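Asker: So you can see what is in the structure, the chains are spelled out below.
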Amino acid sequence: MEEHFHSVRLTTDRCQGCVSCTKRCPTEAIRIRGGKAQIISLRCIDCGECIRHCPCRAKAALTDDLADLKNFQYNIALPAPSLYGHFSADIPVDAILSGLINLGFDDVFEVAQGAEIVTLAIRDYLKRPDIIRPAISSACPAVVRLIQVKFPELIDHLVPFDAPVEVAARIARAEAAKALGIEADKIGVWFITPCPAKMTAVRRPLGSEKSNITGAIAINKIFNDLLKVVTADNQLVKSKASWVGVGWAVSGGETSAIDAENMLAVNDIQNVIDVLEQVALGKLKEVDYIEVLACAGGCIGGALTAENRHVIEFNMKKRIKKKKSLDPTAGRLPRETYTDFELGSAGRRAIEPIPALRLDEDIAKAMSKIEIMDKTLKTLPGLDCGSCGSPNCKALAEDIAQGLANKTDCVFILRKRTRDLAFAMVDLAVKLPPPLDKDHNDDY
Amino acid sequence: MPLRQGVILEFELEGSDFNGAGEASSKIKRTLQQLGIRHEIIRRIAISAYEAEMNVIIHAYRGVVKAAIYQDRTELTVQDEGPGIADIELAMKEGYSTAPAHIRELGFGAGMGLPNMVRCTDKFDIKTEAGVGTRLSMTIYH
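In the order they appear, the protein sequences are chains A and B. Numbered according to the numbering used here, the first sequence spans residues 1 to 444. Numbered according to the numbering used here, the second sequence spans residues 1 to 142.
Extracted from the complex, chain B is given alone in its bound form:
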């Protein structure tokens, strides 16, 4: 069988747009269900996508979530235009958050986003540049 191209899903996100939060991850989830991917795997992908989506909405000005679904894996990339992360090592620690008070009051910004993504994915990569933005690349094998 020829090597198939994957299913590509792309979503644009606006910073502070809480109304649209979760839309990208639930559409990704739906597609994975239609493909018949195992539900434990779907859950990990959906949670990673959701956390990444929320990070863009909470911290950045705008961003793009892309899911490339292949037979054996899903690759999530999230590229944002935003302030970037000043100290990645610190940001990766559970419970560390730079989210402002009004975001925390909404129940977000508990400092679990990045650790959750690391926990749920098989490959995780983060690149960030202060004042420019952040790029996350994650792979989950099916």
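Isolated chain A (complex conformation):
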């Protein structure tokens, strides 16, 4: 496991040192130092807000390439359901899956199938009387990390299941290894991802020791190539997922798949923070389940998608509606049971809090830092302009208390000090020593 791996990276040449990303980061993890953005690793939750809001497109997510497929004997693509929304509803899912084969994959396993197993597991979980309510979805890795950093007291609310993609990867790898008789680690299992946080979750799994996913390939990296090979003529690969699993791509899809009473679906990281605040205050206890997705609109709004999220949403909804009307099973899931192996319930690690907001390991030192912060904050202008490179005045006060910034990083304080200095200089300039001061004719 790579303790500090983050998929979100900075293309230094492109970064102009503007403050857009610092202001958007929900955990205040970015500072501008030396004219370039820097990410405080411990605080970053890989939500992709900085990628989305960088005007210079200097933020990117490190993902894998199709070229990496050659390192494996057999390669399986795991398309996120949001990929389907990149195509108009006239293009069948079968055609999209077949297109992935044309790109060089040997097989395809739909993440929506993983979502269906997780759906069943959550339905069963919510029947338990002993669980802490509201149960919170663990499907969005950015939200899980947000909880680790900002709401550690809510960790026990998280449903103890892997995200659908992890479940899909586990099954895909095991099935292929068995069917082909090759070693499991010679099989490449690649997530076709709309989301940088999922990439991080491959390298730093949440709740398990090692991920079953080999790597993640951004949708926007392969979309152009995929467009060229997807045709209605080629529909060799058959989709196995129902619209229930596919619906997880759009905000509200997860709750409607689980279909219990008292559900809440929240999307967009700031809204998620607001609702988690409420849960932390002991509210929303009557709610059984909260679906929380970091991106606006859900996974279809991921930072690595290749289309406008509203376009994807439209396509998805149309597709789901069409599927519903054609579905002879009336939306029942293709399966009714799952095994512990598929779900990966054995060997799950506890999700630990990340104390990224703590000022010092020593509480006495932390207390004196808070005193410094408070004093400093009172002297700052409170305009939250971000010109100092910290996201707001409060964060600058914190950085000063930590010894990582200076008061004169604030342009207003610098300007005031310069003015005071200028006045002092003028003041001194008129004060010549008496022997030189010919105009000075005071009588003694």
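Just so you know, nobody snuck in bad clues.
In the EDC-like style, the derived pairs of lysine to aspartate or glutamate whose C-alpha atoms are separated by at most 16 Å in a straight line are: (1) B/Lys27 to A/Glu277; (2) B/Lys27 to A/Glu371; (3) A/Lys394 to A/Glu371; (4) A/Lys285 to A/Asp130; (5) A/Lys375 to B/Glu10; (6) A/Lys23 to A/Asp384; (7) B/Lys27 to B/Glu10; (8) A/Lys127 to A/Glu286; (9) A/Lys323 to A/Asp94; (10) B/Lys27 to A/Asp374; (11) B/Lys123 to B/Asp72; (12) A/Lys240 to A/Asp94; (13) A/Lys365 to B/Asp72; (14) B/Lys27 to A/Asp274; (15) A/Lys378 to B/Glu10.
To be clear, the hints were calculated from the coordinates, so they are not data collected in a lab. Since we're looking at a predicted model, the values are computed, not measured.
Chain A is already provided as a structure; the job is to place chain B on it using the hints.
Answerer: The following block gives chain B in isolation, referenced to the frame of chain A:
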């Protein structure tokens, strides 16, 4: 090491000011996180502060929430100017509430405030005088 003075946070509250509700408790929570206090403890302090804050907003004219955070404990005091509590014993019962209908419609005033505070704190003290106001003192050990 010399005995340090704690971190003192103080917030003024206006009765019926629902827009500002929760601000004091979330600032207290943030400070406790910066100090690295265990999250189970933070949760208890935040909930107690929030319930007390809401009580002032729902029932009183104005009040002050004060959190004094020391290395080993947090002391919350909430002093309000308001009608006071007519029957404390009754008020401490779960589900008993004198909140008017329009407050209940907002989802507040379920009669869980004081019992919640007692549940979340290690020391709890309430003093009230009819027509003058109420003072709550709570201590939570870290």
